[in-house]
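Assemble the complex: chain U is given as a structure, and chain B must be docked to it using the hints.
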Amino acid sequence: MIGAVDVGFAFRAPQWFALAAVVLAVVLVRRRRRAHVATSGGFVFADGALPRSLRQRLAGLPLLLELSALLLLVTALARPVVLEAEPPRRLGLDVLLCFDRSSSMAEQDLAPGRSRLQVGKQLAAEFLLARPDDRLGLVAFARFADLVCPPTVDHEAAAGLLRDVALVDSEGPEDATAIGAAVGMAAELLQRAQSTGKLIVLLTDGEENVAVAGAPEQIAPVHAGQWCRELGIRVHVIVLGKAAALDTTAVQQLAALTTGRFFTAADERALRAVYAEIDRLEGTRFAEPGVHVVEWFALPLLLALLLLTAAHGLRRSPLGALP
Amino acid sequence: MIWALQVPGYWLALLLLAPVALLLGAVATRRANARTARLLGERGDELCGAPAFVRTRALAAALACACFVLALLRPVTPGRDAELQPDVVLCVDVSRSMQATDGAPTRFDAMVAQVEALLDTAVGSRFALVAFAGDAQLVAPLTADRAAVRWLLQELRPGAVVARAGTDLSKPLQLAAQLLDSAHTVGEVVLLSDGEEQQGDGAAVAQALRVAGHRVQSIGYGSEAGSKIVVTRGDEQSFLQDERGVDVITRLEAHGLRAIAAAGGGSYAHAGDEAQLAERWRDDWLPRAASRRMRADEHAVAQRFAWPLFAGLLLWMLRMCLPERRR
Numbered sequence: 000m001i002g003a004v005d006v007g008f009a010f011r012a013p014q015w016f017a018l019a020a021v022v023l024a025v026v027l028v029r030r031r032r033r034a035h036v037a038t039s040g041g042f043v044f045a046d047g048a049l050p051r052s053l054r055q056r057l058a059g060l061p062l063l064l065e066l067s068a069l070l071l072l073v074t075a076l077a078r079p080v081v082l083e084a085e086p087p088r089r090l091g092l093d094v095l096l097c098f099d100r101s102s103s104m105a106e107q108d109l110a111p112g113r114s115r116l117q118v119g120k121q122l123a124a125e126f127l128l129a130r131p132d133d134r135l136g137l138v139a140f141a142r143f144a145d146l147v148c149p150p151t152v153d154h155e156a157a158a159g160l161l162r163d164v165a166l167v168d169s170e171g172p173e174d175a176t177a178i179g180a181a182v183g184m185a186a187e188l189l190q191r192a193q194s195t196g197k198l199i200v201l202l203t204d205g206e207e208n209v210a211v212a213g214a215p216e217q218i219a220p221v222h223a224g225q226w227c228r229e230l231g232i233r234v235h236v237i238v239l240g241k242a243a244a245l246d247t248t249a250v251q252q253l254a255a256l257t258t259g260r261f262f263t264a265a266d267e268r269a270l271r272a273v274y275a276e277i278d279r280l281e282g283t284r285f286a287e288p289g290v291h292v293v294e295w296f297a298l299p300l301l302l303a304l305l306l307l308t309a310a311h312g313l314r315r316s317p318l319g320a321l322p
Numbered sequence: 000m001i002w003a004l005q006v007p008g009y010w011l012a013l014l015l016l017a018p019v020a021l022l023l024g025a026v027a028t029r030r031a032n033a034r035t036a037r038l039l040g041e042r043g044d045e046l047c048g049a050p051a052f053v054r055t056r057a058l059a060a061a062l063a064c065a066c067f068v069l070a071l072l073r074p075v076t077p078g079r080d081a082e083l084q085p086d087v088v089l090c091v092d093v094s095r096s097m098q099a100t101d102g103a104p105t106r107f108d109a110m111v112a113q114v115e116a117l118l119d120t121a122v123g124s125r126f127a128l129v130a131f132a133g134d135a136q137l138v139a140p141l142t143a144d145r146a147a148v149r150w151l152l153q154e155l156r157p158g159a160v161v162a163r164a165g166t167d168l169s170k171p172l173q174l175a176a177q178l179l180d181s182a183h184t185v186g187e188v189v190l191l192s193d194g195e196e197q198q199g200d201g202a203a204v205a206q207a208l209r210v211a212g213h214r215v216q217s218i219g220y221g222s223e224a225g226s227k228i229v230v231t232r233g234d235e236q237s238f239l240q241d242e243r244g245v246d247v248i249t250r251l252e253a254h255g256l257r258a259i260a261a262a263g264g265g266s267y268a269h270a271g272d273e274a275q276l277a278e279r280w281r282d283d284w285l286p287r288a289a290s291r292r293m294r295a296d297e298h299a300v301a302q303r304f305a306w307p308l309f310a311g312l313l314l315w316m317l318r319m320c321l322p323e324r325r326r
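For the record, the sequence lines run as chains U and B.
Last residue of the first sequence? That's 322 in numbering that gives the first Met the number 0, and every number before it is there in order.
Last residue of the second sequence? That's 326 in numbering that gives the first Met the number 0, and every number before it is there in order.
Since the hints were made in silico from the structure, they are not lab data.
Note that CB positions come from ideal geometry on N, CA and C, so glycine has one too.
You may find that some hints are simply not true.
[Stated by the list, open to error] Residues of chain B clear of chain U, computed beta-carbon distances all greater than 10 Å:
# : residue
1 : 28
2 : 73
3 : 151
4 : 200
5 : 203
[To be verified] Some, not all, of what chain U presents toward chain B, calculated at C-beta under 10 Å:
#  : residue
6  : 63
7  : 65
8  : 159
9  : 192
10 : 283
11 : 284
12 : 285
13 : 303
This is chain B alone, in the form it adopts within the complex:
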C-alpha cells in the first residue's frame, strides 16, 4: 500500500514530546511510590494491595503515546482521483553506435522494445521524448498521450534525427531539465544509451537535476566487449569504418552512465529484458512520485490519522481499565 506522512513543521518537537512525557511520567510514578512507601511503611501492600499490571500499563501508555504522535504526523494514502504517477523524460540515444549488433538484434531495437513496454504499462504517467547524439532534439514534450509518444519513437532511427554526430550526454539532460521546469513538475529523467560520451559533462548536469528535485536513471546498452556498427546502403550491409578503413568497434561505457546516475540521485542498470523499464516504473518511480505528491498535495490524499488515533484511544482506555493494585 502506498502511504506517506504530511509531516507538520513542528515534527521535531513532536518526536521529542513523547519520550519526554513518558520520562516525566515514570519519574512522577517513582516518586509517588516512594511517598506511599514512606507514609504507609511495610503495610503499604496490605492496605492498598500489591502493584498489578505495572508493565502492561506502562506499555499501553507508551504505545498510546506513539500512536498519538503518529496521528499528529498525518499519515495519508492516495485519494480517489489522485494523479500520482511520475512524469518521465526519456532521453534516447540515436547515435550510430546504437546500431551495433550486441543488442537484440541491435542496441537501438532493444531500447525501443523496452520503452514500448514501459509506455504500455505506465498508465497515468506523462512522458517526454528527447533524441540525442552529439546534440539533443525534442521529439515530444510532456504529454499524457502515450500512444503518440510510441508513434514518435517508432519514427526514430540511429544516425538520423540529430544532425550532429557523436554522443554528448549533458545535452539531453539539459533539455530534460528545461522540459520539466517549463511544465512545473518534478520527474524522472531516464538516459538510455551505450554511454560513449565523447563530449560534455553529464555528471555535472545530473547533479543540478538532483538539486532541482529530479532524479536521473541510466540504462546501458551493448557489451563491454563491444561490437561493430552495421551500415545499410540499399540492399547491402557493411560495417562502419574509420578514416583508416578499419572497422569501428563500439563498446558499452558503463562507467560514465553509472557516474551520471549516481550524481543524479538515481541508479544505473545494464539493459535486461523488455520489461525492465516497466518494472522499474512500477516498483520504484511510481511509489516515489506518489509519496512525494501525497506529501505536497492536499487534494491528492485521503487523511488516515484516525487509524493511529483510534488505536491510541483504545490503548489508553485499556490502561484505565486495568487496576493499579490487586486488593
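In isolation and in its complexed conformation, chain U is listed as follows:
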C-alpha cells in the first residue's frame, strides 16, 4: 500500500536480490580459474615461492571489483526508489447547467437595465470559472432542450458558449418551458460521465408547460427527477423572480427527489448568494494522497559500469595476473 506513511527509500522489486546467489556462484567459478602467476615488469614470480608482494596481493582486486559491480547491478534490478508524498489531487464534479431561455427571461427585475438572462449568464459564468476542477456542460432550453456545451474542463470555452445563449422569440413556436426535457438531456449527458460526483443546476423562471396533461410523450420534471435519482445525480433548482407567483411544486419535488436544494432568487444579490451556497454545498473533494516515485537505479548501474571498466583495466594492466 502506498500512503502517507510509505514515503522514503525503498526497493520496489526486492525479489531480484535472489539473483545475488547466482552472481556469487559465477564469481566462484571464475576465481577457481584464477592464475597462479602474476606479471610485474619483466619478472615472473612463482606463487608461494617468495613472500607475496603488494602487487601480488592486488592481483585479486579485479575480481573483487567485478563482484561488487555485479552486486550493484542486482541492486539496480531491485529498483531502489525514493517515495515522496504528493499533495492530494482535487476531484472535480461533472456539473451540467440547465439554462432557461424562454422569453420571460427578458424581464428586468433582477438588476436594473439587465434581463434575467443576462444576470443569470453572468453569475453562472462566474460560478463555473470559480470551480476549475469540475467538468462543466451547458443545456439551454425553452420548448426544446439544446446541448450548448458537452462536459469539458475548458471553462473559458464553456463560458464563451454560455455568453452566446440567446432568448427565443416571444410568442414564437419555441417559447415555452420544458424543464423535464432539459433535465432529461442533462441526465443523459451525465450518465456517460466517469466521475462519482454528478450535479445539475437548473435555472428557470417558469413552470413546466410542455409536459402537461395530454402530452404523455414529454418528460415531466418529476420523471426526470426519478431518473436522476437512479443515476445518482443531484439537482439543485434555482427559480428566478417572485416565486410566489409560480407553482413550484414540480421543481421542488425534483430537487427533493435527488437530495438537491430548492432556491429562489428575487434579485442579483440573492442569485449570487445562491451560487455561493451551491459552491459551498458542492465543495472540493480530494483523492487519496498520491506518491511521487523518484527512480534511483541509475546510480548503482553507473557505479557498476565504472567498476567493470576499472576491473577490466586492472586485469589488463601490469598488476593483472597472467592468463
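Here is chain B on its own, set in the frame of chain U:
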C-alpha cells in the same frame, strides 16, 4: 507494443560512454597480450593455453554494455491506468461548396460519415469540434463525451452555422490553437475541407501550431474535376449560380491543404472510405500521443529498465564463465 524512452539529460554522455569504454577495453587487452608475449615469448601458448572464445567474449561484453546503456535510457511502456489517447480538434468545413455532389452523396456527408466512424473508434480520446467557412465557430470544446460531439456534428449543415461565407483555413486553425492552449494540452488538429481557401494564410498558422507542439493533418474532399453545388429550396433542388447566372463549379484544392499539413508537421490525404480517420487515429495519432505522454508523465508509465539490465547482467556473467585460454 507501445513503448518510449524517458531519456535522461545526460543521454549524450551515455551514448559516448559505451563505445569509449569498449575501445579502452580493446586497447588494454591488446597491450596486455603484447606484454604477455614479451614476457613468455613463444612459450606463451604452451604455458598459458591458446586464446579461446575471444570473439564471443568481446561480443558478450559489447552487447552487455549496449543493454546497460539502454537501461539507463529508461524504456517505459504504458501504465495500467494511463490515459495516453490523443486530444483531437476536428475542424469541419461547412461552406456551401461542401454541398457539392462529388462525395458520397455530398462532400459533407462523406466527411460526417468519416468523423462518426472516428468518434465510434477513438475510445479515451477527447475531441473538440470547430465549424468554419469564412469564419470559425466553436461547436464543442475539448470533451471526453464523444456521443455529445457526434450529436453536435449531426446538427451542422453546409451553409449554416457560420454566418460569413467563403473559406478561410487560418481561422479554424487559430481557434484550434486557442482550444488546445486553454486545455493545457498538445494534440492533433484535423482540417476536413475541400480546400478552397479564398482568404487567410493557413500555412503560417499551421507552422505556429507545429512550433507549439501540435500537429496539423488535412483531408481533402471532392475531386479536382469539380462538381456543381446543390441548393435545396423546399422540395426543389437546383444548382448554385454566380451573379452572371452561371452554375458554380467547385473543385478540390489539394495543393493548399497539402501545404498546410506540411507546415503543420502532419500529412495530407484525399478522402477515402469511412474508416480512414479511424485508421489514422489508431495507426498514427494514438502511438504518437502515447509515446509523447509516456516520455513526459511519470504516472502514466511502467518502468521497463529491468529487461535490458537483466539481459546485460546475464551476458556479463556468461562472459565471466567463458575461459580466456584453453589449457
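Hints and how they fare:
1. Non-interface status of residue 28(B) relative to chain U is broken: a Cβ of that chain comes within 10 Å, the nearest being about 6 Å off.
2. Once the 10 Å rule is applied to beta carbons, residue 73(B) is inconsistent with being away from chain U; the minimum gap is 8 Å.
3. With a cut of 10 Å on Cβ distances, residue 151(B) falls inside the contact zone with chain U, its closest approach being about 6 Å.
4. At the 10 Å boundary, the C-beta of residue 200(B) stays outside the reach of chain U, the nearest C-beta of that chain being 24 Å off.
5. For residue 203(B), the condition that its CB be more than 10 Å from all CB atoms of chain U holds, with the nearest at approximately 24 Å.
6. Look at residue 63(U): its Cβ only gets to about 13 Å from chain B, farther than 10 Å, so that hint breaks.
7. Interface hint status for residue 65(U): upheld, as the beta-carbon distance to the closest one in chain B is roughly 7 Å, under 10 Å.
8. Given hint, residue 159(U) at the interface with chain B, holds; its Cβ is 7 Å from that chain's nearest Cβ, closer than 10 Å.
9. At a threshold of 10 Å, the smallest CB-CB gap from residue 192(U) to chain B is about 7 Å, leaving the interface hint in force.
10. The beta carbon of residue 283(U) comes no nearer than 19 Å to any beta carbon in chain B, farther than 10 Å, and the hint placing it at the interface is violated.
11. A cut of 10 Å between beta carbons decides the hint on residue 284(U): the least distance to chain B is about 19 Å, and the hint is violated.
12. With 10 Å as the threshold, the beta carbon of residue 285(U) stays out of range of chain B, its nearest partner Cβ sitting at about 17 Å, so the hint is violated.
13. The beta carbon of residue 303(U) is positioned within 10 Å of a beta carbon in chain B (closest approach about 8 Å), and the interface hint is therefore held.
Comparing the model with each earlier hint shows violations of hints 1, 2, 3, 6, 10, 11 and 12; every other hint is respected.
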